[in-house]
Structures are given as structure tokens and as C-alpha cells.
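So the protein sequences, as listed, match chains S and X. In terms of my numbering, the first sequence opens at residue 1 and continues consecutively. In terms of my numbering, the second sequence opens at residue 1 and continues consecutively.
These are computed hints drawn from the structure, not numbers from a lab. It is possible that part of the hints are untrue.
Claimed, not checked - Okay, derived cross-link-like pairs now, DSS-like style, lysine-lysine, Cα gap no bigger than 30 Å in a straight line: (1) 26/S with 64/X; (2) 90/S with 82/X; (3) 6/S with 70/S; (4) 80/X with 64/X; (5) 92/X with 90/S; (6) 8/X with 26/S; (7) 90/S with 80/X; (8) 82/X with 8/X.
Unchecked claim - Here are a few chain S residues that face chain X, going by a calculated C-beta distance under 10 Å: (9) 24; (10) 29; (11) 53; (12) 55; (13) 87; (14) 88; (15) 92.
As the structure is a computational prediction, the values presented were derived from the model and not from experiment. The beta carbon of each residue, even a glycine, is placed where N, CA and C say it ideally should be.
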Amino acid sequence: MKIKIKSENGTAIVVLSGEIDHHTAKNLRSELDKFVITMQPEVLAIDFSNITFMDSSGIGLIIGRYKLLKECGGQLEIHSPQPYIRRVLKLSGIERIVKII
Amino acid sequence: MEILNEIKFSMPSLSVNESAARAAVSSFIIQADPTVEELADIRTAVSEAVTNCIVHGYRNTQGKIEITVRLMPNREIYIKVKDNGCGIPDIKQAMEPLFTTAPEEERSGLGFSVMESFMDRLSVTSKVGRGTTVTMRKRLSIHGS
Numbered sequence: 001m002k003i004k005i006k007s008e009n010g011t012a013i014v015v016l017s018g019e020i021d022h023h024t025a026k027n028l029r030s031e032l033d034k035f036v037i038t039m040q041p042e043v044l045a046i047d048f049s050n051i052t053f054m055d056s057s058g059i060g061l062i063i064g065r066y067k068l069l070k071e072c073g074g075q076l077e078i079h080s081p082q083p084y085i086r087r088v089l090k091l092s093g094i095e096r097i098v099k100i101i
Numbered sequence: 001m002e003i004l005n006e007i008k009f010s011m012p013s014l015s016v017n018e019s020a021a022r023a024a025v026s027s028f029i030i031q032a033d034p035t036v037e038e039l040a041d042i043r044t045a046v047s048e049a050v051t052n053c054i055v056h057g058y059r060n061t062q063g064k065i066e067i068t069v070r071l072m073p074n075r076e077i078y079i080k081v082k083d084n085g086c087g088i089p090d091i092k093q094a095m096e097p098l099f100t101t102a103p104e105e106e107r108s109g110l111g112f113s114v115m116e117s118f119m120d121r122l123s124v125t126s127k128v129g130r131g132t133t134v135t136m137r138k139r140l141s142i143h144g145s
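Pulled out of the complex, with its shape left as it was, chain S reads as follows (with noise of 0.2 Å):
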């Protein structure tokens, strides 16, 4: 698992690349808060473009991020999922809280 970080027109841009499951989450939740609580970015898009797999962790993971950026003020966009990622998102009812685009 891959995590970088831009930032493009007040948006902060997280690149993640590689597979999300219970113990990848693991680490990508700590590196995600942290980020969240030292910038306070007003909108994080995570970049899922380079997500080869995912189950119901990632869903968690979204969650929680969400909620955080909620407490902080700022919001939450996931970008660029493929067709497969889409599939486990939709069966959550994620796209009702968080943006997908």
C-alpha cells in the first residue's frame, strides 16, 4: 500500500495505490488522521484510481475519515473508483454521505 499526498486548488489529493482489507486499513487510517488533524484540509479527496481490491475495511475506513473531517470542519470526496470499488461502495449506501465522483 502506497500513500501520496498533493495538494491542488485548497483540495488535498490523497493518492492511495494497492489493496484495502483489514490489515492495510490498519496503517492507512493512522496516516490519513494524522494528516487530517495537522492540516485540517476543507475538502480531502482520496484518489482511488490505483485501488486494486477492496472489501467491507475500506468501507469502514471511509467512515471513519468522514466522521473526522466532519468534527474538523472539512469534508470528505472519494475520486475516480473502478467499476469493482464502486460495486462494494453502492452496497454500503456510502454515496448518501460522502461525495464519489
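Dock chain X against the given chain S, drawing on the hints supplied.
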């Protein structure tokens, strides 16, 4: 029923083995020529079942996870994931979407929902103090190649 091919393997309930379980099941199933979507569905369902063993079955302890995969007639895939962990006191409740006993670990409570949605059939048997067995089946489509 006739079993066309089968693998059985076991692993300690370490979270690092979640990806290994998915990879092993995928590489066995590839001989049945699944579509990309079918393979993704099966990988996800296996990942959910194995994660349940680690997070819930053996919570704060370590044990063995046994996985059996069979190729059955009519392109049916059979997968069994078994642990000897704490067991589930109320299976019906455990299978309800969004129900989780581990919210502090950010478990979404969607594991069984994903297994049910991505596979054709799911059965769960469990005994408190003895462990849980999840059995899943999926019929692969007949396609071009």
C-alpha cells in the same frame, strides 16, 4: 456430489494473511476461467470471511483458519472458511447489515452482506466456544473463451 478439483489449506489468524488467502483462492479458481467480475466477487467474499475469523472468531487470540475450495460440476465454486474461535451466539443478528461487535475497530458490519451479495449462496454454522464455519457457493457464467 462429484468434486472436480479441490484445495485445502490453513493459516494462522494473522491479518497479514488476508491477502494471501485471497491470492491462493484466486489462483486455484482461475483454472475455471471466471470473468474478471466473478473473480473479484469471490476474492472479496473470501476476504470478508477470513477477516471475520481474525477480528471476531479469534479476537485478541490467535488460532487456525482452514480454507477449502472446490470446483464442482456445472461451473460451481464451493468455498468453506472455518475457525475454531469464540463462535457466534446469534447468527441472525450477526448477519444483519451494519451489525458489528467491533465498532472501535471501524468494522462496518457489512461482511456478511458482502458475502451474500457477491456469492449465490451463503450458510453459516457456529457453536459458542467451538468456532464458526462459513460456506459459500457461486456458479460461474458460461462465456466465450
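A quick look at each hint next to the structure:
1. 26/S with 64/X: Roughly 22 Å between the alpha carbons, so the hint for residue 26/S and residue 64/X holds.
2. 90/S with 82/X: With Cα atoms ~28 Å apart, residue 90/S and residue 82/X stay inside 30 Å; holds.
3. 6/S with 70/S: holds (21 Å)
4. 80/X with 64/X: Roughly 14 Å between the alpha carbons, so the hint for residue 80/X and residue 64/X holds.
5. 92/X with 90/S: holds (23 Å)
6. 8/X with 26/S: holds (29 Å)
7. 90/S with 80/X: holds (26 Å)
8. 82/X with 8/X: holds (11 Å)
9. 24: Holds, about 8 Å.
10. 29: Nearest chain X Cβ about 7 Å off; hint holds.
11. 53: This hint holds: residue 53/S lies near chain X, its Cβ roughly 7 Å from the closest one there, short of 10 Å.
12. 55: Cβ of residue 55/S sits 4 Å from chain X, so the hint holds.
13. 87: holds (8 Å)
14. 88: holds (7 Å)
15. 92: Holds, about 6 Å.
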